[in-house]
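All chains should be modelled from the sequences, with the hints used to inform the complete structure.
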Amino acid sequence: MRDRFKKWIESSSAWESIIVAIPYVWLFIFFLIPFFIVLKISFAEYILASPPFSTLFSLADSGAMYMTVIFDNFIYLWEDSLYRDTYVNSLKISVSSTILCLLVGYPIAYGIARATPTAKKIMLLMVILPFWTSFLLRVYAWIGLLSDQGTINSFLMWIGIIDSPIKMLYTEFAVYVGIVYTYVPFMILPLFASIEKLDMTLHEAAADLGSRPFTIFRTITIPLTMPGIIAGSLLVFIPATGEFVIPDLLGGGNVLMIGKVLYSEFNSNQDWPIASAVAIVLLFLLVIPMMIYQKYQAKESSGA
Amino acid sequence: MLCLGFAFLYIPIFLLIFYSFNYSKVVPVWGGFSLRWYVELFQSEEIWKSVVLSLEIAIMNATFATLLGALAGITMARIKQFRGRTLFSGMISAPLVMPEVITGLSLLLLFITMAEVIGWPTRGITTITIAHITFSLAYVAVIVQSRLVGVDESLEEAAQDLGAKPFRVLIDITIPLLAPALVAGWLLAFTLSLDDLVIASFVSGPGANTLPMLIYSRVKLGLKPDVNALATIIILIVSIGVCIAGWILSRQERQRVLDMQMAESGKFDQNEDEPVRA
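Respectively, the protein sequence lines represent chains P and A.
Residues in the first sequence are numbered from 1 upward in steps of one, following the numbering used here.
Residues in the second sequence are numbered from 1 upward in steps of one, following the numbering used here.
Simulated from the structure, these hints should not be mistaken for lab results.
All of these numbers come straight from a predicted model, not from anything done at the bench.
Treat the hints with caution; some may be incorrect.
[Said to hold, decoys possible] To be clear about the criterion: a stretch of chain A counts as covered by chain P if any three or more of its residues have a C-beta under 8 Å from a C-beta of chain P, and this derived list gives those stretches: (1) 38–44; (2) 69–80; (3) 94–100; (4) 256–265.
[Stated by the list, open to error] In silico EDC-like cross-links for lysine to aspartate or glutamate, where the CA-CA straight-line distance does not exceed 20 Å: (5) Lys120(P) with Asp152(A); (6) Lys220(A) with Asp80(P); (7) Lys299(P) with Asp152(A); (8) Lys120(P) with Glu196(P); (9) Lys121(P) with Glu253(A); (10) Lys40(P) with Glu116(A); (11) Lys80(A) with Glu300(P); (12) Lys224(A) with Asp148(P); (13) Lys220(A) with Glu300(P); (14) Lys80(A) with Glu16(P); (15) Lys25(A) with Glu196(P); (16) Lys165(A) with Asp271(P); (17) Lys40(P) with Asp271(P).
[Claimed, not checked] Computed Cβ-Cβ distance ranges for the label pairs, DEER-style: (18) Ile166(P) with Gln255(A): 48 to 56 Å; (19) Pro121(A) with Arg114(P): 49 to 57 Å; (20) Leu162(A) with Ser17(P): 41 to 49 Å; (21) Phe6(A) with Phe155(P): 17 to 25 Å; (22) Gly207(A) with Ile18(P): 31 to 39 Å; (23) Lys165(A) with Phe74(P): 50 to 58 Å; (24) Met126(P) with Leu162(A): 31 to 39 Å; (25) Asn267(P) with Ile59(A): 49 to 57 Å; (26) Glu157(A) with Arg114(P): 38 to 46 Å; (27) Ala7(A) with Val287(P): 32 to 40 Å; (28) Phe28(P) with Gly32(A): 35 to 43 Å; (29) Ile222(P) with Pro176(A): 35 to 43 Å; (30) Gln255(A) with Gly253(P): 50 to 58 Å.
We put the CB at the ideal spot given by N, CA and C, even for glycine.
Below, the structure written as structure tokens:
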């Protein structure tokens, strides 16, 4: 018995199973199972109790088990225009800010990729550095810039362009600024990776054959950097849709986003079944972009 | 365009630092240079308590996430086939983009269910740490995996052919090769944990206020100059940390390239010698 164990432990397949099993079990328990719990509670009913939801499985007198599935939460989400508008608004904000990130990030990524090796290293570090400093504090910084007595308004009034402050904080504009500001590094890095791989001789060939710069950009640069565009867009779009901190701090009560609704539904209203249903619908909206991202991630990190 | 882009990225941070030295209580109104907010910051017991708590969680998180993430990364890069590989790679890449509110909600519901069934864990430092490990390990796994893909598998194969046991190969070859990725992963997991507000607010229990949670509750009430002072200190520490880490990593990388070149040139010498000997 001991010999067999010794033999097993020395074989490479044993080590492989141990290496696989440890993270697998962890992720299974703490990442996969929680989603099934959310799914389960989203079909339950809100009751005044602790925990505040009805049980799904119960035993009848005969001993048979039956299941009470309630679709009320989902019907409620569909019928209440507040939730519908919030989902639509979240998607609108995340799609627009993804496009804005792309417009801001592409020229920066292009500039970095075409710089000298030393400048490239320094600029890449400068893109990554804000990412390492606190996200919350970077959002906080914008309150000081955008508020009525903030830096931007004070400056504009000082040079005399405006007489009274423009309302920027607690508007949708502030949310856009916040999202683009915090997520643009996620756009730049994958874009940089794919622009750097571009074969510049293609551009020269096209130029020699008489193509205009814009035609070259449209027919060569964009298609060849598409993997970076897709990866960067997904890295911005998916988390931005469920964003909570930015709409909460910069949008105030005026901007509806689903992450905020979910947070308050859970923490203030204590309505777990509705919060779970909100999460399930959000996940459902994001599952296809997430699968595309996973495919990209798998391809990218396997070196293909 | 590049300058404009970097100005956009850095001006808010510089203003944040600038106003931390402002005497005035109203953040955007300049009232003269002063260090009063720093003094106030160092006297606040509440802030120190949350700093200690956040550091404790961040260190535990970084250590466990690096361990688990390294195993997950080795799995993804080196073990080509096993049952449930698709599910595994899905569970590795999903936490990278999953909206925080969903992760936070689902983990809290898990912890509540677990506490009901097995009486563990109590909400607080334990649950925050577990939650952080779960999403940080995915980031570490991606770093480790991309490092391993860039490294020749033949070294491990050679060691195995020469009779090294799998455990020895792991300890003597794979882990040293991974060292820079493990350092980078540890640091990333550390900062991710220090940075997290949403997930921690979901899974935390009474009394366990991490630093981001404390900052958030203050910021909700408006601009606070002492938050600017705190931000300045955090930004300073992080910048120094990133620069040191970058310097160490680039030095190691240079050493590795040098070693490889030496090995390559050694191989060439041998090839040239052979015909002479024959």
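Hint check:
{"no.": "1", "hint": "38–44", "result": "violated (count 0)"}
{"no.": "2", "hint": "69–80", "result": "holds (count 8)"}
{"no.": "3", "hint": "94–100", "result": "holds (count 7)"}
{"no.": "4", "hint": "256–265", "result": "violated (count 0)"}
{"no.": "5", "hint": "Lys120(P) with Asp152(A)", "result": "violated, 27 Å"}
{"no.": "6", "hint": "Lys220(A) with Asp80(P)", "result": "violated, 28 Å"}
{"no.": "7", "hint": "Lys299(P) with Asp152(A)", "result": "holds, 18 Å"}
{"no.": "8", "hint": "Lys120(P) with Glu196(P)", "result": "holds, 10 Å"}
{"no.": "9", "hint": "Lys121(P) with Glu253(A)", "result": "holds, 14 Å"}
{"no.": "10", "hint": "Lys40(P) with Glu116(A)", "result": "holds, 16 Å"}
{"no.": "11", "hint": "Lys80(A) with Glu300(P)", "result": "holds, 16 Å"}
{"no.": "12", "hint": "Lys224(A) with Asp148(P)", "result": "holds, 16 Å"}
{"no.": "13", "hint": "Lys220(A) with Glu300(P)", "result": "violated, 40 Å"}
{"no.": "14", "hint": "Lys80(A) with Glu16(P)", "result": "holds, 10 Å"}
{"no.": "15", "hint": "Lys25(A) with Glu196(P)", "result": "violated, 47 Å"}
{"no.": "16", "hint": "Lys165(A) with Asp271(P)", "result": "violated, 55 Å"}
{"no.": "17", "hint": "Lys40(P) with Asp271(P)", "result": "holds, 14 Å"}
{"no.": "18", "hint": "Ile166(P) with Gln255(A): 48 to 56 Å", "result": "holds, 55 Å"}
{"no.": "19", "hint": "Pro121(A) with Arg114(P): 49 to 57 Å", "result": "holds, 51 Å"}
{"no.": "20", "hint": "Leu162(A) with Ser17(P): 41 to 49 Å", "result": "violated, 24 Å"}
{"no.": "21", "hint": "Phe6(A) with Phe155(P): 17 to 25 Å", "result": "holds, 19 Å"}
{"no.": "22", "hint": "Gly207(A) with Ile18(P): 31 to 39 Å", "result": "holds, 38 Å"}
{"no.": "23", "hint": "Lys165(A) with Phe74(P): 50 to 58 Å", "result": "holds, 55 Å"}
{"no.": "24", "hint": "Met126(P) with Leu162(A): 31 to 39 Å", "result": "violated, 45 Å"}
{"no.": "25", "hint": "Asn267(P) with Ile59(A): 49 to 57 Å", "result": "violated, 28 Å"}
{"no.": "26", "hint": "Glu157(A) with Arg114(P): 38 to 46 Å", "result": "holds, 39 Å"}
{"no.": "27", "hint": "Ala7(A) with Val287(P): 32 to 40 Å", "result": "holds, 38 Å"}
{"no.": "28", "hint": "Phe28(P) with Gly32(A): 35 to 43 Å", "result": "violated, 58 Å"}
{"no.": "29", "hint": "Ile222(P) with Pro176(A): 35 to 43 Å", "result": "holds, 42 Å"}
{"no.": "30", "hint": "Gln255(A) with Gly253(P): 50 to 58 Å", "result": "holds, 56 Å"}
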